[in-house]
Amino acid sequence: MREMTCIVCPNSCTLKVEEQREEIVVTGNKCKRGREFAAAELKHPMRTVCSTVRTVFPEAPVVPVRVSAEIPKNRIFDVMREINQTVLTVRAAGGDVVIRDVLGLGVDVIATSSMLQSFAELKGEK
Amino acid sequence: MTDYDVLVIGGGPGGLAAAVSAKKEGAGVLLIEREARLGGILKQCIHDGFGLLRFGEKLTGPEYVERFEEEFHKLSISYEVQTFVTSVRKTEKGFYVYAVNAKGVREYRTKAMVLATGCRERTAKQVFIHGTRPAGVFTAGTAQHFVNLMGQMPARRCVILGSGDIGLIMARRLTLEGAKVLGVYEVKPVPSGLTRNLVQCLEDYDIPLFLSHTVTRVFGTGRLTGVEIAGVDERMRPIPGTERYVECDTLILSVGLIPENEMAESLGVPLDIRTKGPICDNRFMTEADGVFTCGNATHVNDLVDYVSESGEIAGRAAASYKKRTGQESEKGRVMMDADASLQYLVPQKLNLGSDLGKVILYFRSSRVLTEGTLTVAVDGQKIFARKYQNLKPPEMERLEIDFTGQCLTKESRVLVSIAEGGGI
Ligand SMILES: Cc1cc2nc3c(=O)[nH]c(=O)nc-3n(C[C@H](O)[C@H](O)[C@H](O)COP(=O)(O)OP(=O)(O)OC[C@H]3O[C@@H](n4cnc5c(N)ncnc54)[C@H](O)[C@@H]3O)c2cc1C
Ligand code: SF4
Numbered sequence: 004m005r006e007m008t009c010i011v012c013p014n015s016c017t018l019k020v021e022e023q024r025e026e027i028v029v030t031g032n033k034c035k036r037g038r039e040f041a042a043a044e045l046k047h048p049m050r051t052v053c054s055t056v057r058t059v060f061p062e063a064p065v066v067p068v069r070v071s072a073e074i075p076k077n078r079i080f081d082v083m084r085e086i087n088q089t090v091l092t093v094r095a096a097g098g099d100v101v102i103r104d105v106l107g108l109g110v111d112v113i114a115t116s117s118m119l120q121s122f123a124e125l126k127g128e129k
Numbered sequence: 007m008t009d010y011d012v013l014v015i016g017g018g019p020g021g022l023a024a025a026v027s028a029k030k031e032g033a034g035v036l037l038i039e040r041e042a043r044l045g046g047i048l049k050q051c052i053h054d055g056f057g058l059l060r061f062g063e064k065l066t067g068p069e070y071v072e073r074f075e076e077e078f079h080k081l082s083i084s085y086e087v088q089t090f091v092t093s094v095r096k097t098e099k100g101f102y103v104y105a106v107n108a109k110g111v112r113e114y115r116t117k118a119m120v121l122a123t124g125c126r127e128r129t130a131k132q133v134f135i136h137g138t139r140p141a142g143v144f145t146a147g148t149a150q151h152f153v154n155l156m157g158q159m160p161a162r163r164c165v166i167l168g169s170g171d172i173g174l175i176m177a178r179r180l181t182l183e184g185a186k187v188l189g190v191y192e193v194k195p196v197p198s199g200l201t202r203n204l205v206q207c208l209e210d211y212d213i214p215l216f217l218s219h220t221v222t223r224v225f226g227t228g229r230l231t232g233v234e235i236a237g238v239d240e241r242m243r244p245i246p247g248t249e250r251y252v253e254c255d256t257l258i259l260s261v262g263l264i265p266e267n268e269m270a271e272s273l274g275v276p277l278d279i280r281t282k283g284p285i286c287d288n289r290f291m292t293e294a295d296g297v298f299t300c301g302n303a304t305h306v307n308d309l310v311d312y313v314s315e316s317g318e319i320a321g322r323a324a325a326s327y328k329k330r331t332g333q334e335s336e337k338g339r340v341m342m343d344a345d346a347s348l349q350y351l352v353p354q355k356l357n358l359g360s361d362l363g364k365v366i367l368y369f370r371s372s373r374v375l376t377e378g379t380l381t382v383a384v385d386g387q388k389i390f391a392r393k394y395q396n397l398k399p400p401e402m403e404r405l406e407i408d409f410t411g412q413c414l415t416k417e418s419r420v421l422v423s424i425a426e427g428g429g430i
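Keeping their order, the protein sequence lines are chains A and B.
For the first sequence, counting from 1, position 49 maps to 52 in the working numbering; every step adds exactly one.
For the second sequence, counting from 1, position 90 maps to 96 in the working numbering; every step adds exactly one.
Heads up, a few of these hints could be off.
[Said to hold, decoys possible] Straight-line alpha carbon distances no greater than 27 Å define the calculated BS3-like cross-link-like pairs of lysine-lysine that follow:
id, chain 1, residue 1, chain 2, residue 2
1, B, K416, B, K355
2, B, K393, A, K19
3, A, K76, B, K393
4, B, K416, A, K35
To be clear, the hints were calculated from the coordinates, so they are not data collected in a lab.
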């Protein structure tokens, strides 16, 4: 049996996970997402990555980004490398794609803030 | 001078929610923020995990708060940024609020105000460390500001003191950006951050957590060169002989947050020694008539969803304050006594002016309890009880209690307590 903490929501349930032949039995989860988490955690743990990308705009040297969906945990640092090689040259809005299909993982890196646009408004550029 | 019904100080999630809900009630609202952009501290909280309760989605801090900003702008609420509120004066005719910005000194008059000034971090001055005062000692929030807003790395090899959530988040963030985080040292025998952050920020990156340990000394003249770590006993005193030297260029402090209440104090609003925020009632009105509080200025929340919720309640109540008939103050308010089993309880009082109905309570247990029962008693009569599993001081609980039908008066004795075990 393995014990793990479900990180899906702030409840942080302590999951007890038992592998019985083909099946995994999960207890301690307050909801079904805990079971899904435990199943994924045993076979192919997935995580999100949140970071920043550099920009060419002096008022906002970096802009926050994240992956549009979870990626394999063991690819986090590969994705970080891609993010750190990117420079944003347009005033992207929150949700805009910054890197499409990063490393062929099937997820995009997207901007998580429209700060570049609010800065433009502050300066009356828009 | 311009007149308002509700003036909100602070443009973080708490202040934004308050302004939006007051405006929806038809009030004339002004929001004042000292920084260049609205959003408060969430502008720099770029990790995800916000808004699960409210939106059912794992949003990052900027995504969460920009949703509120959008609504705020849609309602065309007036606001001033880069404007710092310096003082507030209470008069018969309302509150006079003084602020400074590039245009000079500004004066506003308002019927009610909402203090949504957030919290600040405890600093090196508030933790006792021997040694020199080299560069390279930052609070976790300052490090977060450097990395996430300025794009600058403040550390290469670092030690984190304190297991607060922001410290854990920064341990991961600095690791992702290529720094080596040597360890997180916590003086208490239990971690103070959320369990999920211990897992996804430390365990995932093999960053060790040392409980009952502290930093006793810092070294270095220009820049930090290392720290001395020691184990501590039950009374958190360093144990002689356990000291060891750790070479590092950065020490990050994550030793807690304190509600920011300079403005409240200048208005003579009494604070609760347990929450360090204003004593307030179920509508988030402080002991000063017409002064409301919300968000992290009231008490340090661990989920922003609750910050928004308190802002909404405070904003709505502030908007209706102008319509107040005076009836409210006659019926008065009744204290809710939280005994020592609770670290604190918010609100501290119940407003008997309108029908109480459903009241939202936020509390923290003083102790770790695998099973606990919270009870509310009025004049010795139990009126509510709920069983909890895994109560922990770092994890705030929210609870809704229906007081409909309870004949409370100013003289009632309301007692809230948590007993160990599940027996009701
Ligand atoms: C460094 C740091 C990191 C955090 N990280 C997280 C996290 O990862 N997750 C989480 O859930 N919570 C986090 N928190 C807690 C976070 O503060 C709350 O979740 C939430 O942002 C609180 O909202 P608020 O509106 O009460 O305060 P804030 O967001 O702090 O907003 C307060 C605003 O008031 C303004 N202000 C203060 N005084 C004045 C004045 N005199 N005049 C004008 N304006 C003023 C400030 O500039 C600020 O914009 C963090 C807190 C800090 C300090
Ligand atoms: S099991 Fe469900 S309730 Fe428990 S932490 Fe996971 S997602 Fe949250």
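Results for each hint:
1. K416/B x K355/B: holds, 10 Å
2. K393/B x K19/A: holds, 22 Å
3. K76/A x K393/B: violated, 36 Å
4. K416/B x K35/A: violated, 46 Å
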